[in-house]
Structures are given as C-alpha cells and as structure tokens.
Amino acid sequence: MFGKMLENVRNTCPLVHNITNYVTVNDCANILLACGGSPIMADDRDEAAEITSICNALNINIGTLNSNTIPSMFLAGRRANELGHPVLLDPVGAGASGLRTDTARKLLEEIRFTCIRGNISEIKTLAAGSGTTKGVDADAADKISEEDLDSAAAYVKKFAAETGAVVVVTGATDIVADSGKAYCIRNGHPMMSRITGTGCQLSAMTAAFLAANTDQPLEAAAAAVCTMGYAGELAHARLSEADGNSSYRNYIIDAVCNMTPEQLEKGAKYEVR
Amino acid sequence: MFGKMLENVRNTCPLVHNITNYVTVNDCANILLACGGSPIMADDRDEAAEITSICNALNINIGTLNSNTIPSMFLAGRRANELGHPVLLDPVGAGASGLRTDTARKLLEEIRFTCIRGNISEIKTLAAGSGTTKGVDADAADKISEEDLDSAAAYVKKFAAETGAVVVVTGATDIVADSGKAYCIRNGHPMMSRITGTGCQLSAMTAAFLAANTDQPLEAAAAAVCTMGYAGELAHARLSEADGNSSYRNYIIDAVCNMTPEQLEKGAKYEVR
Amino acid sequence: MFGKMLENVRNTCPLVHNITNYVTVNDCANILLACGGSPIMADDRDEAAEITSICNALNINIGTLNSNTIPSMFLAGRRANELGHPVLLDPVGAGASGLRTDTARKLLEEIRFTCIRGNISEIKTLAAGSGTTKGVDADAADKISEEDLDSAAAYVKKFAAETGAVVVVTGATDIVADSGKAYCIRNGHPMMSRITGTGCQLSAMTAAFLAANTDQPLEAAAAAVCTMGYAGELAHARLSEADGNSSYRNYIIDAVCNMTPEQLEKGAKYEVR
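Chains as they are written, first to last, in numbering that gives the first Met the number 0: chain A, 0 to 272; chain B, 0 to 272; chain C, 0 to 272.
Next comes chain A alone, as it looks inside the complex (with noise of 0.2 angstroms):
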C-alpha cells in the first residue's frame, strides 16, 4: 500500500508550497523533488494566499519564523482550508519560546490541519504544554521508550482526535496516529540526528504525499515516514568510513531519489496499535 502512495507522488508531481526556515530550505526542496514532488517556497503575504492556490498542498514550518512571516502562514493557511487542501504543520521549537508556542498555538486555533509533525517535545506543547524543549530537539525527558509504546501510541491518538489531523511523532520510533489508529514505525538510523533538517525535509515530503494520495491521510503520512526512515537506512548501508553527517545528508536525498515503490513495500518495518 505504501508503494502505490509513493507511486502516486511519482505520478501525480504534487506542488507543495513550503513557509519554512531557511537552514534546512533547500534540503526540503531536494527532498520534494526526489520524492517526485516539485516545491515552491514563498512567503511575503502579498503572495503567500495567491501561490498556495495555485499549488496541492501547503507546508508550513516555523523553524525561522519571524513577524513578515508569521502573517503569510496564516493568509496561505486560511486560502488552503478554502480550497480544500492538505496543510501540515511542522511546530519546529514549540516550547523553546513563547513566539513559537503561541504562533503553533494559534495556528492550530485558526487553520484545519490534515496533519502535524514534530518531536516528542513540540507535540507535548502542543497538546498539554508539558513538554520540555531543549532547542529544535526532543528533550531525554520526553522520549518514548518500548515499554511506553502503547501509552504513547494513545497520547499522539488523542492529539489527533483533539485537532482532526493526523499527528506525527518522530523518534526511535515513530508513531502516526488519527484518533483511531497508530501506526508505529521503526524504519530509520539513529545518525539522522546528526544531520540537521531531517525532520523539516520530512515535514515537506510528507506534504507531497497527502496531496497524492486525498483520500487516505494516515496511511499517506505513514508512507511518507516509512519512505524517510528506510531512505535513512538505505543511506546509512552506503557510508565509508571518511563518510559522515555532510555526505549523509546527502546520501539520504540520493535514496528517496532512487527508492521504488516495490523497495519500499518491501523496506517498510510498522505495526499497528
């Protein structure tokens, strides 16, 4: 099923309009289109509604947020709930400050969101403002071990039934959820921490496949993080040993680039809770 989905973004070339940082911009963009999606960036608020009409599906990530474009996520939010198109959001550093926290805050009060990526921490702001943010990266005190597995799995099912998107929580384990179903996914390389970006490319990539695949969201998010995952590992095999994060980095693009939708079916390693 998850091949037909990437199959689809190959087919279909969704144009996802990102608001995202500019650390990990271009990163997200390779990603899209090595998935087989195509991106835009554009964030002035005299653009931002007009281009998301023009696009499938609209990422918005507030990794670098400031006051020019905090406006612009919210003009593009509105237009893309209009129109009926996938929005994600990706609450980059919620719980770090208060312009963060409240900015993912309000967003959540004012856009339908289809779906909502983050870490342990940022979705623990989000969904009971206990979470504690170190930076843009989960805190030890927030990861979710096996043993906490299906307690999780509930936490991130009622996050979902609480906004009506499908809510993705990145980790060890990852775990995608609508209020009834997790999908809890164990694809991906402890060293993906070490690149930075891999959530954000994430965030854009799984854009593209809500876009190309309506009808089914979670399991279009779930592809999405089985496809980043198994790319982390695919990348990981290819390592020499004078490699590191720079060429991994890299390397990953490079297997979303080249992943087929029978590797990924056959690469996919989730269950269901």
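The set of hints was computed from the structure by calculation and includes no laboratory data. Quick reminder that beta carbons are idealized off the backbone N, C-alpha and C, glycines included. Any given hint could turn out to be false.
[Stated by the list, open to error] So the derived label-pair ranges between C-beta atoms look like this:
hint	chain 1	residue 1	chain 2	residue 2	range
1	C	Asn-10	A	Ser-150	24 to 34 angstroms
2	C	Gly-97	B	Asp-147	44 to 54 angstroms
3	B	Pro-189	A	Thr-213	25 to 35 angstroms
[To be verified] Where chain C lies over chain A, by a calculated footprint (3+ residues, C-beta under 8 angstroms):
hint	stretch
4	19 to 27
5	89 to 103
6	148 to 160
7	194 to 201
[As the list claims (entries may be wrong)] Going by beta-carbon spacing under 7 angstroms, a handful of chain B positions derived as facing chain A:
hint	residue
8	Tyr-21
9	Glu-161
10	Thr-162
Following the hints, complete the assembly by docking chains B and C onto the known chain A.
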C-alpha cells in the same frame, strides 16, 4: 571562444552581488566560486546600492522576494546602471503570482538589464503575459520542441530587441539571443530538472561571465549556459547507481570547479540561428 | 589539550544560538552537529533574547544582516552577557558597507564579546578603520606573510586587549590571541577559500568550543581553529580527481564529524608567539 570566456572569469575573479532567494543561495555562492568568481549576498536597502558599487556585476533573483528585498533590488539595480555594471534578472516564478509578475515587470521598466534568464513560461509572462507558469518550473504547454526551435528563436530575439538585453531561455534546448543572433545550445541533461536551483545557479554564474567579458554579453551568456549544461553532462556520467539528485547537485558544482577552458571549448554543443 | 576540548564539546553537547546569514546557515548547523554541538537559529526580535537564554552560547554573524535581524543581535547579545554565556562576533564584510561596519562597531560597543573571528581585512576595519575589504574576502593588500607574522600577532594581541575578547584572524596562517598570548596555527588548505562559508562554519563551531570550555576561551578558540583547519587537510586528502569545491565542503564537515580527540591532538599544527 567560450573557453577564453571562462578563462577571463578565472583571471579576473569578478565579485558578483546577489540579491537572491534563500532556497538556493548556498549553491549560487559555491558555483560562483567554482567558476572563478566571488559571491557577496546583501539585500537590505541600507546597503544594497553601496555593496553593488564595490562589485563587478549584479544578479537579481526574485525567488523569495519580499517587502524588504524588493526595494533593495531597485536601489541596487539603479546604482549598477549608473556605474555601467552588468545586471542580470532571474524572474523566478513570474506568472505564478501578481507580486512576482508585477515586480519583474517594474524592474524591466526601471532597470536596464544586460541579461534576462528564465524558463520559457517566465519569459512568456514577461514578453506577452501569456506564459502559464506552474510554480517555478516551465509549464508543459510552453515547452519548446525541436520543430518549434526557429520560431522560438525568433520569439526570443524579439524580446531581446524590446528589452535591449541578452535573453536566455533554458529548457531541453537553451536559447541565448540578442536582437540579431540566437545561440541554440544542446548541452545539459534532463536530470538537472530534479535538482532545485540549477537555473538560479546558472544566473549567478552568468553574471560572473558577463562581468569578465563586458564587450561580448551575448557570447558571455552563451558560454555560461554551455558551462552549466556541460557540467551537467560530466556530472551525470559520474553518477553511481546509489547516487541521486543530491549527489548530482554536488557533482555539477564540482564539474564547474574542475572545468578547463579547453574542456569547455570541446564540450560546448551549439548552433547559431 | 585541544583534543580534550573537542571531547568536552562531544560530552556536553552545547546548544548554540545562531543569528546568522542565510547563505551558509545550513553548513553552520551541520558542522555544529558534526563537532558534537547542537544548533538553533532564531532571529526575530520577539524571541531572540528568550532563545538565547536556553542556549549555552551565542554566535552573531552579520553576513546578511537586515533591519529585522540587527535589533535581534543586540537583544540576544545583551541577554547572553547578563547570563554570562560566551558570545562570538563574526563581522562578515565589515568594511564593505557602512551598514556592516557601523553595526559591527556598535555591537562591539554595547556587547561584551568572548571572541571575535574574521579575516584580516574585517579585523583591521574594526581595529583601526584601515581594512580594505573586498566583498566578504580579505583584500590581498591586507594579507599576512610569514615575515609579518610577529607584527601581525602583536596587532591581534593589541585588538584583543582593547576589546577584552579572544581575537581569531583566519588566513593562510591563523592567529588566535588574547592580550598576552598568540597561537599561530598552520592547519588548513588553500582550497578552503573556494568554498563559501568556511569562516562562518568556524565561527559557529568556535561558539560550541567556547561553551564547552568556558574557563579557557583562548585555547578553546584555538582548538576550534585547529579542528576546522585539520578537517580541511583530511578532506583535501580524500578528494578524487572529479571532486571539486562542493564535494570538498561535504568532506570537511564529514571530517569534523569523524575527528577523534586523539586525531586532533596529533594533527594540530601551531606555535605560540
């Protein structure tokens, strides 16, 4: 002749002022260094004109234009005109939003451009208001086929005559024309469209070629287009089975870095129409 | 000793707040992760001070400063001073525009910097108003030769005494000095100047070293300089014939990622003057 033009870039190390988007800016800087130029990025209105005055060329790219950077484009453009510096316009996404189309048109009215580089949809938008831009990529309906090449060359020459600029339309076959002469260039590889920013990179590099070869802007632009396209061929030949678009991006810049004037002379594939 | 300092970065994983340019920001983030630190980028005035307060060091880089980010530099700098966090200034392009020179000078007046890192032209601009900055690179007229090394070291020590900061001047030979002692470092490779942002990356990494070794800022900065330079040597040795500046960029970050304290200890090439 094109080899000599690359050599001139290497020998004079032109400093290129870029007011450009934050998506592909790092690759623009690295390809400028690769070809033998030197980059500086500065987009605040309080320094845009001053920075331009110490540079040898100006590259204006509207890829992520906003209310802060648009005035800087005009300020720098006017100063570069006063100083007789080559100025290039890359109208990224013209046709995709009113802000982009209007800004590009106003720039064309107020600034004298040495060169305008875009895909066919962007150029059609500027020339006739008829382009059907799909995001930042050319629309299929606008694509130039081999049969249409003569009429396309005539079209590009006409726009060149109207603007007084060398016009570069990149696609499967690239057209580089002034009012009287068109180079049709067949370097490049289709996979280049799976990397973000090959167009932006070409624009930045073209500005360096224009600065190093001020007496022959048409040939300078054509030489830059051949350099980029031929680098795309060399880089493609180098791809291993596991390499994808991210490694390809690196290899293209590498190929520009290592390209000798002799190699370019031999590898350039063009005809004049 | 320098090996121990790298080990301290790896063991404490300092979170570095970067207010930096959008050209090289991704490489800054990846090199921070490579050395064992953690990056966060935030430049809006509504969160700059708050973000700094949860971090271990602040890196201010004026590479693409603008009217929105300049106030954030002051707000974050003051807060970091209040909290006793290490603060680093990278005065990119000081001397190239009044805005850059003035902003760097005002920052020096109002903020207490632990470290200032620039090329010789930028440092001369700040120290005496006499630098002749060519864009963002040092001007040939300012270059330090082997014969001038003693007087250059004295010059850097004097500026260090005036500012109370450790001053790092990077070039063919790097000088890292406080008021009493100068490390002259001979790591590195000339090809590093063909990559955009090796200076910015070094500044970001130096902030992490300062945070992990607060009691020895001079040695911490020298250790960071040796790490970057030695990584440049290791990465250069790894270049294949087809590799150019883009692959070289990746290999340098890779080399930092893989560098062990023992390797650094052996590879560091310096003398004290």
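> Hint by hint, which ones does this structure get wrong, listed from lowest number up?
Replying inline: 6, 9, 10
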